[in-house]
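Colleague: With chain B's structure known, arrange chain H on it following the hints.
2 protein chains.
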Amino acid sequence: MLKPNVQLLLTGNELMTGDIVDSNSAMIAQQFKELGLDISRKVTIADNLSALVNEINLLAKQADILIINGGLGPTIDDLTAHALAKATQVELIEHSEALAHLTTWCKKRGAKLNAPNLKQAILPQGCTIIANSQGSAVGFKVTHLACDIYCTPGVPRELKTMLAEQIVPDIAKKLPKKLITDVTRLQVFGLGESTLQKMINEQLPDWPENIELGFRAGMPLLEVKLTTTCQEGHNSKPQWYTKLVNVLGDHLIAEIDHQPLSLAKHILVKLADNNVKITTAESCTGGMIASLLTKEAGASACFEAGFVTYSNNMKTTLLDVSKESLEQHGAVSKEVVLAMAQGALEKSSADFVIAVSGIAGPDGGSTEKPVGTVWLAWGHKNNLKMVGLLIPLPRSHFQKYVANIGLDLIRRELMSSTQTAHYIIECKFS
Amino acid sequence: MLKPNVQLLLTGNELMTGDIVDSNSAMIAQQFKELGLDISRKVTIADNLSALVNEINLLAKQADILIINGGLGPTIDDLTAHALAKATQVELIEHSEALAHLTTWCKKRGAKLNAPNLKQAILPQGCTIIANSQGSAVGFKVTHLACDIYCTPGVPRELKTMLAEQIVPDIAKKLPKKLITDVTRLQVFGLGESTLQKMINEQLPDWPENIELGFRAGMPLLEVKLTTTCQEGHNSKPQWYTKLVNVLGDHLIAEIDHQPLSLAKHILVKLADNNVKITTAESCTGGMIASLLTKEAGASACFEAGFVTYSNNMKTTLLDVSKESLEQHGAVSKEVVLAMAQGALEKSSADFVIAVSGIAGPDGGSTEKPVGTVWLAWGHKNNLKMVGLLIPLPRSHFQKYVANIGLDLIRRELMSSTQTAHYIIECKFS
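First to last, the protein sequences are chains B and H. Sequential numbering from 0 applies to the first sequence in numbering that gives the first Met the number 0. Sequential numbering from 0 applies to the second sequence in numbering that gives the first Met the number 0.
Hints in this document: simulated from the structure, not taken from any laboratory. Some clues are possibly wrong.
Each pair may be met inside one copy or between any two copies, as identical chains are not told apart.
The list that follows gives simulated cross-link-like pairs (lysine-lysine, PhoX-like), each with its CA atoms no further than 20 Å apart [to be verified]:
1) Lys264 - Lys399
2) Lys269 - Lys242
3) Lys85 - Lys333
4) Lys60 - Lys368
5) Lys224 - Lys159
6) Lys107 - Lys368
7) Lys368 - Lys106
8) Lys197 - Lys106
9) Lys85 - Lys60
10) Lys380 - Lys159
11) Lys140 - Lys85
12) Lys399 - Lys107
All values reported here derive from a predicted model rather than from experimental measurement.
If we strip away everything but chain B, and leave its shape as in the complex, we get (with noise of 0.2 Å):
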């Protein structure tokens, strides 16, 4: 097969009503980037039958891949195993294969299969059944008019996990080999795309053209991608590699997979190989790293206990944080912050802390402690630090990422780091 023309069909009224914004289409792209493909159109249309058998028609006669995605939902307006059996004048028949991952699946969550759910599995005969490993519907494949048509699920997470398990390798096993990008990705904590990009102009200026160099900004963590996609690339990829990890310095977290480790799982890995124990006193972010620390598997190995004390009443009560320091020096401040590391410690017998008191906003702040202004205490209990931060982000990205530097602080700790973080580099006070 030379280079296949790819092109991608979305269906969805929500998607035409601009009630939602299609972010499947780019996670499509960026998945068949990796095999060195590229979608060369892409049609959305409403949720109505007869507009979708015309489209399939004159998509499949273009391309030699078609990816169809949504759809295969179980209410009424999910019409995409119907509008293929109709375009590849097949009939609709009960998939034997679908109908067990349906049962299996209802059986697990101890719910019924009903009629709405079986329509799931009434698929155009002859199609190939692709796993669904995250959800009801699997997905199919059918070969019309010499084109290869993947249906497959609208909901982000299923859709995610079907390309990478299933179609990205049975489309990758018809492509000459060399064809096949070579990718890496680094997890990258406190450092913003365009920071990060003014490091690289300056430092290494003379960064090549054929190591591709992609950022992909997530909150809290930036993905930093190097592709290569010719012999010469590849061969001084690692000598480049070296050079980035260097201006990356601590602010990199791991080379990784497909999948990101959070932050939370890094510590968690760490505290668990050293035996030793850890615990949150929260005020802005309100329980937000405890719920990051406890969404990861495994964590009560390492964490005992939490405390939300949001209110300065709640501060002094459950965590002994005196009220003359509140007083004096008010709750976002040195003092108080430190009192509340102190007091978590104590109470829950742990080894390390992280303890945040800020302003989140939007009220609350003054002129001299404007909202987004945070203090953070952490360490081990024989070695607290502080820091005061200004972090002028809405309340909702502030707690986020407020939540995941207290992360950060502490798996600098854990790696003895001496590098001083880009985020306390650029802070008003300390």
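Modeller: For chain H alone, coordinates are given in the frame of chain B:
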């Protein structure tokens, strides 16, 4: 003019590679919706002249109105004017009106009119200029194969203003007035898409075709949308709305505008109205309920403290859960979750409480208490209730769903609901 067929052509390499997510088409759809018009089809292609010409011809044959977005900029990959001239077989000429706009634009900004800028005045002969009050590139309109083609800029701010000020009014002039659509959105918790579809099929089998029913599954909330586009649908809608609301029961959280409200926000408003406070005692949700509450601005009025007691030991130390009870009944039990709730109320002096203890997995399950087992205690300090559920979802979904069940139970308590929630009807314990 009858209801016209409106289609959309988006151009840009960055849209195809997945480097940016398209939000312009949602904006276009929303503005057209106010005219009562849907976008029937949307095609996205890269910046390639012959592909563009081909696509314009295909689309103009099908559509009455075609909006082309992107490709009006000053760089060489901006090809819209060139493609339109080719498709309509006219010359590209310098348009005096466009030139005047560019000259004024540059003058106002003290900039010189350079060659790349000048390119933006070179447009198909005979086209009608569409003013751009926000940027240097004017839009333009041509009629081709009986289709009105509007060429618009890719910069969202420029597009938005051009649509609102120029294009929507231009199209509105040609439309009969009664096409305007009527949309109602309902927020629902605790019912899945297929369950609700089944309930509607059973309880409202003669749901009318002219009231379109749409679902948007979000975690944790489901959005149900009723859309009418004709007079009969409009007339009968109030009656069917009432019937649907009856089917939804207390699963209905609220009717909303565009922006959904969180369950936490609903509760906080109600708690503040009654001048009462809430606390949390979390094991398996690990701080997520506290975090959901404190994500909302103004949470401090009703939330002072939360307890994350992840280990048995900490349930005893921090919440006075008796060791005997933990040994006898296990941490995931009616007795322990009740004791957690009582302890949290005692320590925080709050009026309401949510306490949760469960097995989030993937490990820690047994035959008696499999992964997904969870006990909740909730309510006012004088009237605590308990329930045991089996929620067999993957860890991250389990935590999110259970945290929101906790919030929903409080919501029902605050509205004095006497109905049983669906997640309780379906449960295995109680």
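Colleague: Of the hints stated earlier, which fail here?
Modeller: 2, 3, 4 and 10
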